[in-house]
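Engineer: Okay, here's what each chain looks like letter by letter:
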Amino acid sequence: MSAEAAVAAAFREEWGRVVATLIRLTGDWDLAEECAQDAFTRALERWPRDGVPRRPGAWLTTTARNRALDRLRRAATEEGRLRRLAALAPAAEADLAGRRGPGEEARDAAGEAAFDRLGAGEPGETGDEPDRLRLFFTCCHPALSTEARVALTLRTLAGLTTAEIARAFLVPEGTMAKRLVRAKHKIRNAGIPFRVPPPEFLPQRAGAVLAVLYLLFNEGYSAPAERHDLCGQAIRLTRTLARLLGPRPPEQGHAEATGLLALMLLQHARRAARVDAAGRLVPLDEQDRTRWDAEAIREGTERLNAALRLGRPGPYQIQAAIAACHAEAARAADTDWAQIAALYARLHRVAPSPVVELNHAVAVAMRDGPAAGLALLAGLQRGGALAGYHLLPATRADLLRRLGRTEAAAAAYREAIPLAPTARERAYLTARLESLTGRGPGN
Amino acid sequence: MKYLLLICFDESIEVAPGEGSPDAWIEATRGVRLDGSRLRPPADATTVRVRRKPGDPAAEEVLVSDGPFAETKELIVGYDVIECENLDEALNAAALHPVARFGAVEVRPFWTGEDAEGK
Numbered sequence: 001m002s003a004e005a006a007v008a009a010a011f012r013e014e015w016g017r018v019v020a021t022l023i024r025l026t027g028d029w030d031l032a033e034e035c036a037q038d039a040f041t042r043a044l045e046r047w048p049r050d051g052v053p054r055r056p057g058a059w060l061t062t063t064a065r066n067r068a069l070d071r072l073r074r075a076a077t078e079e080g081r082l083r084r085l086a087a088l089a090p091a092a093e094a095d096l097a098g099r100r101g102p103g104e105e106a107r108d109a110a111g112e113a114a115f116d117r118l119g120a121g122e123p124g125e126t127g128d129e130p131d132r133l134r135l136f137f138t139c140c141h142p143a144l145s146t147e148a149r150v151a152l153t154l155r156t157l158a159g160l161t162t163a164e165i166a167r168a169f170l171v172p173e174g175t176m177a178k179r180l181v182r183a184k185h186k187i188r189n190a191g192i193p194f195r196v197p198p199p200e201f202l203p204q205r206a207g208a209v210l211a212v213l214y215l216l217f218n219e220g221y222s223a224p225a226e227r228h229d230l231c232g233q234a235i236r237l238t239r240t241l242a243r244l245l246g247p248r249p250p251e252q253g254h255a256e257a258t259g260l261l262a263l264m265l266l267q268h269a270r271r272a273a274r275v276d277a278a279g280r281l282v283p284l285d286e287q288d289r290t291r292w293d294a295e296a297i298r299e300g301t302e303r304l305n306a307a308l309r310l311g312r313p314g315p316y317q318i319q320a321a322i323a324a325c326h327a328e329a330a331r332a333a334d335t336d337w338a339q340i341a342a343l344y345a346r347l348h349r350v351a352p353s354p355v356v357e358l359n360h361a362v363a364v365a366m367r368d369g370p371a372a373g374l375a376l377l378a379g380l381q382r383g384g385a386l387a388g389y390h391l392l393p394a395t396r397a398d399l400l401r402r403l404g405r406t407e408a409a410a411a412a413y414r415e416a417i418p419l420a421p422t423a424r425e426r427a428y429l430t431a432r433l434e435s436l437t438g439r440g441p442g443n
Numbered sequence: 444m445k446y447l448l449l450i451c452f453d454e455s456i457e458v459a460p461g462e463g464s465p466d467a468w469i470e471a472t473r474g475v476r477l478d479g480s481r482l483r484p485p486a487d488a489t490t491v492r493v494r495r496k497p498g499d500p501a502a503e504e505v506l507v508s509d510g511p512f513a514e515t516k517e518l519i520v521g522y523d524v525i526e527c528e529n530l531d532e533a534l535n536a537a538a539l540h541p542v543a544r545f546g547a548v549e550v551r552p553f554w555t556g557e558d559a560e561g562k
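Chains as they are written, first to last, in this note's numbering: chain A, 1 to 443; chain B, 444 to 562.
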């Protein structure tokens, strides 16, 4: 691996860890980001010349810390900063001298031990890195808006630039910059703690973190290819979170994080098959399953089984189990719809939602025939909770088509097309309608 | 950090007598709660504004109006001042307040003067 590639790899693996440690040491999010950035810039200069350090993460953290020390020393005329400098100095000096101090530095010792494991070539599968875990919980704190949580997570944990995040969410860079600044101010001014919540609050708060990561994944999943990296980022972050939550009781958080990782891997495995060469969506039953990513399916299935073995089921594990049913079917006709229908029913019990009911209806239609599915859809329609949701008429259209009720199916497609949120989905539904009637939606 | 808890609820909601009584909560937050009181209803509120006098920009006038500053369905019926380590602790205290079950508790950090950036 070239030194440049080593820096790029270290950026993906270590950015969040370096920032998290600097936030704990300085309490200053902007300073932490700037110093982390400086450390990576320094690595780009030094590693090609001096070689890649044995423990890149430790090198980067130490460099960033020293950088923070320099900056704070220069700005030390302010009293507040002097206090932070005092707090920072012993840790950094102990680090430089290779010693470990008492008290506050005990946590550093744990961090060092994690670096040791990383340096030994073991990708930290058992590593305990409290700082980065703290950062997950702070970025995804429920006192922040959902948009702010997503942006902060991408900035501080994944290392995306403000411009990259703005592009990914299709907002002007200035808007995104303001959003990040406001979020950081709220963290400081409202006293949002930089800590892992105590066990009694952990399952709920871990759920909030997972919701942000899944939102991130779905944002990439439904977007055109140029934003697909959001899926990759979401998977990387979820993988890290699942590992960090690992040894921590209660196990619900770890089981659900692992379940979410499995769900993402299994869904992402279909990425090459779910859009055709012309950029059109291909429905699950028509996808070329040989183009599914077998390695991602293998890992996803393995992760799911590991999560289920913990005996703490939850909504993400159930959804991953459903995705696994699809992944395990070599042909669409082999899909175990009875199992999928049962899993959706179970999902509806633990996390009731009309969208889950809709999916349950689809599975029942596959198991018992389209008429059974239509009966369930009629109930949903009467409930009114899915009014305006394109997949309700689109699903009805599909079931009517399978019953040979062409006219009613065409009417349902026409109802669905204007409700679909993306051009790609509208194009897909329009093509379906045309194949049914041989005419366009306006006729 | 110091936080103000604004105890709010919607007047149209029927509450059993004593259901919102904070006595047990006050007992439970001993050491955290610095001050607090129930407030008279908005009907007893008076709002003061000072504005430039129309037609005479050099002069100001005091405008007094009856009723609350903002007309909303959720009324502020009381307040408490608490001192906590961080927002999570303040949220825990707020969640234990009896009115949180049928009304709402807004948690506002005190202005410290240190962090002016958020203005």
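Just so you know, the hints here were simulated from the structure itself, not pulled from any lab data.
Careful, some of the hints might be misleading.
Said to hold, decoys possible - The following residues of chain A were derived to be distant from chain B, with all beta-carbon distances above 10 Å: (1) Arg46; (2) Gly51; (3) Ala190; (4) Ile192; (5) Pro193; (6) Phe201; (7) Glu251; (8) Gln339; (9) Ala375; (10) Glu434.
Claimed, not checked - Dumping the calculated DSSO-like pairs for lysine-lysine here, alpha-carbon to alpha-carbon at most 30 Å: (11) A:Lys186 <-> B:Lys496; (12) A:Lys178 <-> B:Lys445; (13) B:Lys445 <-> B:Lys496; (14) B:Lys496 <-> A:Lys178.
These figures come from a predicted structure and were not determined experimentally.
Ideal placement from N, C-alpha and C gives every residue a C-beta, glycine not left out.
Engineer: Could you tell me which of the hints above the structure violates, numbers in ascending order?
Structural biologist: 3, 4, 5, 6, 11, 13, 14
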